[in-house]
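For reference, each letter of the sequence shown is one residue, going 1 to 303 in my numbering.
For the record, the hints were derived by calculation from the structure and aren't laboratory data.
As a list, the in silico PhoX-like pairs of lysine-lysine whose alpha-carbon atoms are at most 25 Å apart:
{"id": "1", "residue 1": "Lys27", "residue 2": "Lys278"}
{"id": "2", "residue 1": "Lys27", "residue 2": "Lys79"}
{"id": "3", "residue 1": "Lys56", "residue 2": "Lys40"}
{"id": "4", "residue 1": "Lys79", "residue 2": "Lys117"}
{"id": "5", "residue 1": "Lys79", "residue 2": "Lys278"}
{"id": "6", "residue 1": "Lys27", "residue 2": "Lys40"}
{"id": "7", "residue 1": "Lys276", "residue 2": "Lys79"}
{"id": "8", "residue 1": "Lys27", "residue 2": "Lys56"}
Ranges of calculated distance between the beta carbons of each label pair, as one might list FRET restraints:
{"id": "9", "residue 1": "Ala214", "residue 2": "Leu177", "range": "17 to 23 Å"}
{"id": "10", "residue 1": "Ala81", "residue 2": "Ala139", "range": "19 to 25 Å"}
{"id": "11", "residue 1": "Arg123", "residue 2": "Gly263", "range": "42 to 48 Å"}
{"id": "12", "residue 1": "Asp187", "residue 2": "Ala63", "range": "57 to 63 Å"}
{"id": "13", "residue 1": "Pro296", "residue 2": "His29", "range": "36 to 42 Å"}
{"id": "14", "residue 1": "Gly263", "residue 2": "Glu222", "range": "19 to 25 Å"}
Virtual Cβ for every residue (Gly too), placed ideally from N, Cα, C.
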Amino acid sequence: MRNATIRQLQIFSVAASHLSFARAAEKLHLTHAAISLQIKQLEDVSGTLLFERIGKRVFLTEAGEILLAHTRQILQSLKEADEALLALKGLKGGRIAVAVASTAEYFAPGLLAEFRKAQADVRLRLLIDNRATVSRLLANNEVDLAIMGRPPADLDAIAIAFAPHPLVIVAGREHPLVGAPGLAVEDLADETLIVREAGSGTRSAMEEFFHEHAIRPRIGMEMASNEAIKQAVVAGLGISFISAHTLGLELAAGRLHVLDVEGTPVMRRWHIVRHKSKHLTPALGAFWEFVIECAPAYLRTLA
1 MRNATIRQLQ
11 IFSVAASHLS
21 FARAAEKLHL
31 THAAISLQIK
41 QLEDVSGTLL
51 FERIGKRVFL
61 TEAGEILLAH
71 TRQILQSLKE
81 ADEALLALKG
91 LKGGRIAVAV
101 ASTAEYFAPG
111 LLAEFRKAQA
121 DVRLRLLIDN
131 RATVSRLLAN
141 NEVDLAIMGR
151 PPADLDAIAI
161 AFAPHPLVIV
171 AGREHPLVGA
181 PGLAVEDLAD
191 ETLIVREAGS
201 GTRSAMEEFF
211 HEHAIRPRIG
221 MEMASNEAIK
231 QAVVAGLGIS
241 FISAHTLGLE
251 LAAGRLHVLD
261 VEGTPVMRRW
271 HIVRHKSKHL
281 TPALGAFWEF
291 VIECAPAYLR
301 TLA
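Could you build all of it, start to finish, from the sequences and the hints given here?
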């Protein structure tokens, strides 16, 4: 392995994480042929196959699994060395990869912009996906930290709650329940629900809410986008259980209305999360403290 290059290891790490050369090519802005060539050269250097194809699926070989674990350690060590050298030189720069749950996309970009005002030299990368994917990115060390509603229970992580996260039930302006006072959860039993996909934190919270009230929700549509859900509700296709932090424009315009349902808003908390073993570089430490100290006030400005 002495002749393996850092670039080959970077390409291998991405291809192994996605188990797809095509996805690796897309992520790295390379051609499929370039990915295949680099992997072939790495296999030649290591003297063993790293991937195997069974049917239409690609899997890591045992050697590939071993190399992936060491590759992640190598790439993380190089990143930490880079950050440490920057700090030693008195530079404020650094790189931070942040994953946020889909619902947080309504405030995360603005929050990062506020951080950049104080730390203009820090390079930020923002990834947005559902809770399950954000948890995987953390576990695989593909991001430095995450902002999400509920921290992953199966990850050895440090999680700090930094702000309230209200979840509400909304309907379009013409819905007959709009304006009705003191609705019981049972009043929603026959309503069609537009919901997030499995793996979403909002979906889990919705299921827990109705389960606690012994109501089996009537799910009419499942969508992976909060924007699509809001448009479906506006169009009168059903009601939805959704984060209040996604609703600012629609509520202000009167296109959506929060229903007065017992037990709502369901109060959760936003958390900033990192792996317990994650090294806090100067840039990462500054961002961690910024979110804990400044995000609550920033979120209040959006209410």
